[in-house]
Structure formats: structure tokens, C-alpha cells
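Keeping the supplied structure of chain A fixed, place chain B upon it in accordance with the hints.
Chains A and B, in that order, are what the protein sequence lines are. Sequential numbering of the first sequence, starting at 1, is according to my numbering. Sequential numbering of the second sequence, starting at 1, is according to my numbering.
Hints were generated in silico from the structure; no laboratory data involved. This one's a predicted model, so the numbers in the text were calculated from it and none came from an experiment. Please note that a few of the clues may not be correct.
Distance ranges between label pairs, derived from CB positions [said to hold, decoys possible]:
id	chain 1	residue 1	chain 2	residue 2	range
1	A	GLU190	B	GLU8	47 to 53 Å
2	B	GLU30	A	VAL184	36 to 42 Å
3	A	LEU250	B	ALA197	36 to 42 Å
4	B	PRO26	A	GLU199	25 to 31 Å
5	A	ARG188	B	GLU30	32 to 38 Å
6	B	THR209	A	VAL184	46 to 52 Å
7	B	GLU8	A	GLY42	52 to 58 Å
8	B	ALA197	A	GLU213	37 to 43 Å
9	B	ASN47	A	GLY189	54 to 60 Å
10	A	LEU250	B	ASN169	50 to 56 Å
11	A	GLU190	B	ASN112	46 to 52 Å
12	A	GLY42	B	LYS130	41 to 47 Å
13	B	ALA198	A	ARG246	45 to 51 Å
Backbone N, C-alpha and C fix where the C-beta goes; we use that ideal spot for every residue, glycine too.
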Amino acid sequence: MTTVLVVTSGKGGVGKTTSAAALSAALAQSGQNVVVVDFDVGLRNLDLVMGAQRRVVFDLINVVQGDAKLAQALIRDKRIDTLSLLPASQTRDKDALSAEGVERVIDQLREKFDWVVCDSPAGIERGATLAMRHADAAIVVTNPEVSSVRDSDRIIGLLDSKTARAEKGERIDKHLLLTRYDPVRAARGEMLKTEDVLEILSIPLLGIIPESELVLRSSNLGSPVTIGNPNSPPARAYFEAARRLRGETLVVSVPAQRRSLVGRLFGRRAVA
Amino acid sequence: MALVLAPEAPVEDWLDALDAQVERSPAFFEGRPVVLDLAALPSTQPNVAGLLQRLHGRGIRIIGTEGAHPSWQGLESWAPLHANGTRPARPIDVPDERRTEQVLPASSQENNSLLLDQPVRSGQSIVFEKGDVTVVGSVASGAEVIAGGSIHVYGTLRGRAIAGLTGNNRARIFCRKLEAELLAIDGVYLTADDMSAALRGRPVQAWLTGEAMMLATLDGTEERKR
Chain A
1 MTTVLVVTSG KGGVGKTTSA AALSAALAQS GQNVVVVDFD VGLRNLDLVM
51 GAQRRVVFDL INVVQGDAKL AQALIRDKRI DTLSLLPASQ TRDKDALSAE
101 GVERVIDQLR EKFDWVVCDS PAGIERGATL AMRHADAAIV VTNPEVSSVR
151 DSDRIIGLLD SKTARAEKGE RIDKHLLLTR YDPVRAARGE MLKTEDVLEI
201 LSIPLLGIIP ESELVLRSSN LGSPVTIGNP NSPPARAYFE AARRLRGETL
251 VVSVPAQRRS LVGRLFGRRA VA
Chain B
1 MALVLAPEAP VEDWLDALDA QVERSPAFFE GRPVVLDLAA LPSTQPNVAG
51 LLQRLHGRGI RIIGTEGAHP SWQGLESWAP LHANGTRPAR PIDVPDERRT
101 EQVLPASSQE NNSLLLDQPV RSGQSIVFEK GDVTVVGSVA SGAEVIAGGS
151 IHVYGTLRGR AIAGLTGNNR ARIFCRKLEA ELLAIDGVYL TADDMSAALR
201 GRPVQAWLTG EAMMLATLDG TEERKR
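Isolated chain A (complex conformation) (with noise of 0.2 Å):
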């Protein structure tokens, strides 16, 4: 049984695409088949996070289109084999997306795949409703700070009236991700409390991904956090996501603030 998977945010830079590769990477080491559609056209970074933007042919647009066959546009992972991509066009924009080609294609992927995570551009326009409209399920990535939480709010309203499955009357499952999330300012109480942003959108947490600059160094050398460096926190929080993903329950561990003996002797120091 497939399931089509949406990471979606309405806010931009909040870790979208990171988060569809980290998690795609991590369902794909637990021997599922997985695939990730960037939808993102016109404005690609999927390719370039995954490291694959030197193999890029064909891309979503032209299987959209019927230009190209599905098998010549998916691009195998070379590290882990039963992780593909689907990249966007980046000459295109937006429009050049048909509903029944998404429709068409979104089927395709769901007879060969597990998992077809679709990466979510940001905004409500027609990119990102065409990304959550064939979902099963949906991962909103919300940063604790209230300009992302109100977007994902109202993503949330769109996950529940817009996606096929909202319009037949079904329930979409939806989850929360909460990334960027930094313990020491946590503490200080610069940011929104876990507890608040989990009151104000009602869904249920699948993750904290903790701040960590190995998440950019990683998206920066091509290679998801949860391939690149498996044994650091946020590569952690991914795993432990994705297991949840596939049906386990776990308890979800709030990033604690940890700090060097240097950094306690010093920390203050330097604030003040």
C-alpha cells in the first residue's frame, strides 16, 4: 500500500526540502521504495540537496507533459538504491503543471514506490496545491516562531478542504514537524514553546528537528543529514520521524540545551 506523502509549510525557508530528503533518505535505509517529487518548478533545489543536480535529464515537467517516459526522468540514488528523485524543471514555471498530469503521474509512481514524498513549494498558490492534491498524508514543517505557525495554520485549512481526499469526504493524516528548533534559545524564551505551537494547530508532533549547522553543511555538500552524518542529533530526529511515519510510537525528545564546560564558563561572558 503506497502513500503519497506531502511536506508542506505555506512559509518559505523553513526547511521543506531539507526535510523531504532527510526523511525520504531515512525510510529508504529501512528498505522501503521511496521517491521524491520535487514541486518546486521554476525555483528546483531538490536536486542540489540530494547531490544528483549533475545527473538531471528529464524532469517532472516533461513527464507531465508526455514529452518523457516516467523511467527516464527518475533519477536513482547512487548511495542508497531504493531512493529516486523526481526533479523539477527549472526553465518552467508553475503553470506549465496540468491537474491531470499530476494526477497521472502521482498514480504512476504509486505502482512502483512505497512512499512518494512530494516536496511542497511554499506559498498557497497553484504549486503547492497541486503538491498536496493527490496526498494521503501530509508533514507540516513549522518553525517555532508565529509567522510560520499561522501559515501552517492555514495550510492545514487547505490540507482539509482542497486535497482529493478532503473533497470525497476522507480524512488527510497530517503531522507536525517542528524544525530549526534551538534549545538555548528555547530556554531563554525566544521562541514559540513546543506546547503552544502543538495547542495552536492540533495535530500531532511527529518530530523536533533540532537547529544544527550540519543540516546546511549537509544540504550544502548534497547529501541528506540523515546519509551524510546518521549519528548526529538532527540525522536522529529524522530516524526517529521516519519510524513514526511507518506506524511505530515513540516518544518524542525535546532537544535538551547541552553545553560545553568551555561554553558554561564563558557562556555569559560573551551575552553580556
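Chain B only, in chain A's frame:
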């Protein structure tokens, strides 16, 4: 929903008061059709058409006038309601094509009440003119609930609640936790800035006494009129 504006003489003072109000809540008139009730202006009022132009210049979308004196010139282009003669100065129901999303009754138990057992999400607009709306959940920042009767929110009210839409000044707003952006009953409204800090985050009800909105905690320990 249509709002009714009733200019009073002297018009300059009235416009100043209007500007002050718009400054307090800049988005209040955004996308809302407005009916202009001119009955309070003296029949000798000069240049009424100019007044309409000046309101239009403030971005207020006037869909019609009522109570205009027959001797006034230049109102023809604003006339859809004027042509029908006067009507009660009450909000008039006009379909608002700019609403991005209308959530239809999920489980309407009776004709005169609407029960929602889902949170109202940012960007959603629940409009129910026939009676009361009950939300079992929260109303998000950037969402609005508009009811002909009272509004009950058994979660946190963070968005807008507009009760008594059809001229019901006995309508009330109840919420388990007040964080609202705007409360309105029968055209009298209160923005977050004007709400007492002592009431924030508490279970609160709002009602009208005359033209003043009253707020009090549900246990009655804290009461503030605006």
C-alpha cells in the same frame, strides 16, 4: 456581509473620526461592501457626491446609498439601493466574491445553529447568518467567524468573531480563552489593542450595553467596559 456607514454633519468632523477608526484597524473595511446611510445629513448638505468620492478614495467599497434626499445631485452612479427608497439602517446581506474560502456547515444540527467540531484555521471564514455558531476547538489568528446570533468558542479565540450580524444587539460572544484580533456585535467592534490586558488568555464573554461593548470573565471576577 455589508457594513452600514452613516455620515453625520458636519461631514469634515465625521471624516476625521472615520480616519481615526481606520487607522486603528486598517483592514476593517478591506473587501467588505459598505452601504451608506445618508438619512442623518441635512437636506441642505452641499456636495454629497463629493463625499462619496472621498470615501471611495479611502478604499471603502460603497455598493449603494440609502436615505438620500431627492434634491441631491450626482448620486446616480451610486444608486442601486437608493433607487429602492429607504430601508432600515441595518447590515444588508451581499454575497462577497472576494472571500477566498467558505466552509460550509459540517454538521448543522438545526437550522438556527451551526456546530463545528474542527478548529477554524487561518484564512477560513465561517459565515452563518441564521443563528448561533459553536466552535469546539480554536479559531486561529487570521480566521473569522461571522454569525447572525451568538458565537461560542470552546477553545482559544485568536481570530475575529463577528456576532449579531443581522442586527441582533442581544447576541454575545463567549470563548474559553480570549486572544482575539477583533470582536464585533451588531456593528460595534473592539480590536485587540482596546481589550484590557487583564482579560487576555481568560474565559471571557462580550455583550452590548447600548452602543458600548462590555467584556467580562466568565467567573465574573474581572469586568471591563470598553
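To see whether the hints hold, each was checked on the structure:
1. Between GLU190/A and GLU8/B the C-beta distance comes to about 48 Å, which sits within the given range of 47 to 53 Å.
2. Between GLU30/B and VAL184/A the beta carbons are some 40 Å apart, a value that agrees with the proposed interval 36 to 42 Å.
3. Take LEU250/A and ALA197/B: their Cβ atoms lie about 41 Å apart, and the range 36 to 42 Å holds.
4. Between PRO26/B and GLU199/A, the C-beta spacing of about 29 Å keeps the proposed range 25 to 31 Å intact.
5. Range check, ARG188/A to GLU30/B: about 37 Å between beta-carbon atoms, so the 32 to 38 Å window is met.
6. Taking 46 to 52 Å as the suggested C-beta distance range, the pair THR209/B and VAL184/A conforms, at roughly 50 Å.
7. Between GLU8/B and GLY42/A the C-beta distance comes to about 53 Å, which sits within the given range of 52 to 58 Å.
8. For ALA197/B and GLU213/A, the hinted distance range of 37 to 43 Å is satisfied, since their beta carbons lie about 40 Å from each other.
9. Distance hint for ASN47/B and GLY189/A: a CB-CB separation of about 56 Å, consistent with the stated range 54 to 60 Å.
10. For LEU250/A paired with ASN169/B, a C-beta distance near 54 Å keeps the hint of 50 to 56 Å intact.
11. Here the CB-CB span from GLU190/A to ASN112/B is close to 47 Å, well matched to the stated 46 to 52 Å.
12. For GLY42/A and LYS130/B, the Cβ-Cβ distance of about 45 Å falls inside the hinted range of 41 to 47 Å, so the restraint holds.
13. The hinted range of 45 to 51 Å is satisfied by ALA198/B and ARG246/A, whose Cβ atoms lie roughly 48 Å apart.
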